[in-house]
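Its first residue numbered 1, the sequence shown is counted upward by one per residue in our numbering.
Calculated from the structure, these hints are not laboratory results. Warning: the hint list may mix true and false statements.
Claimed, not checked - Below 27 Å or equal to it, Euclidean Cα-Cα: the simulated DSS-like pairs (lysine-lysine) are:
| # | residue 1 | residue 2 |
| --- | --- | --- |
| 1 | K71 | K140 |
| 2 | K63 | K8 |
| 3 | K72 | K140 |
All values reported here derive from a predicted model rather than from experimental measurement.
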Amino acid sequence: FGGQDDAKRRIIRAVGNPYKRFDEDALRILRALRFASVLSFDIEENTARAAEELAKRLTTISKERVYTELKKLLAGANAYEVIRRHSGVLAYALEGLGLRCLPERERFERADMLTRLAALIYLNSENHTGVAEKILTALKTDKHTRTYTVAVLEAYESCSFATEKDALRLLAEHGKEVVDGIVR
């Protein structure tokens, strides 16, 4: 199927007809994006088109499986580019959160997976903590993920570093881990 040539050219391509492959198992759509993110590969044009057109099928997959792939994708070295190119697909994985706005690339790439997720929610919703709770509960994430992400969003909303006192207040209210996620 030319897999070795695709690997040398750093391309993700569905085996055979991508529409048929994604129709057989829609999770393959997210896996393609995850591989592109983690391996810094591009997705072949027909495979990308099929992923976009069949993305709605992601809503039929177990939320735990979706979140497993999403975590790996968001942690990937090429996550920013994958999100930029395939935001329409990811909107289905993120419970309809339209990814119209992306954070500054350099800061996004320095952030950990949870801070990346919080930044995407923050930039693409108005009721940040409410949206985060809805998305993270629907994806059946663990308690730490929900707690940390909501804390980061609350800290973003109250973030004001006008004085050293403001920075210390933020540290006291939200903890070093959350503040580190914001200022990275």
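Here is how each hint holds up against the structure:
no.: 1; hint: K71 - K140; result: holds, 12 Å
no.: 2; hint: K63 - K8; result: violated, 33 Å
no.: 3; hint: K72 - K140; result: holds, 16 Å
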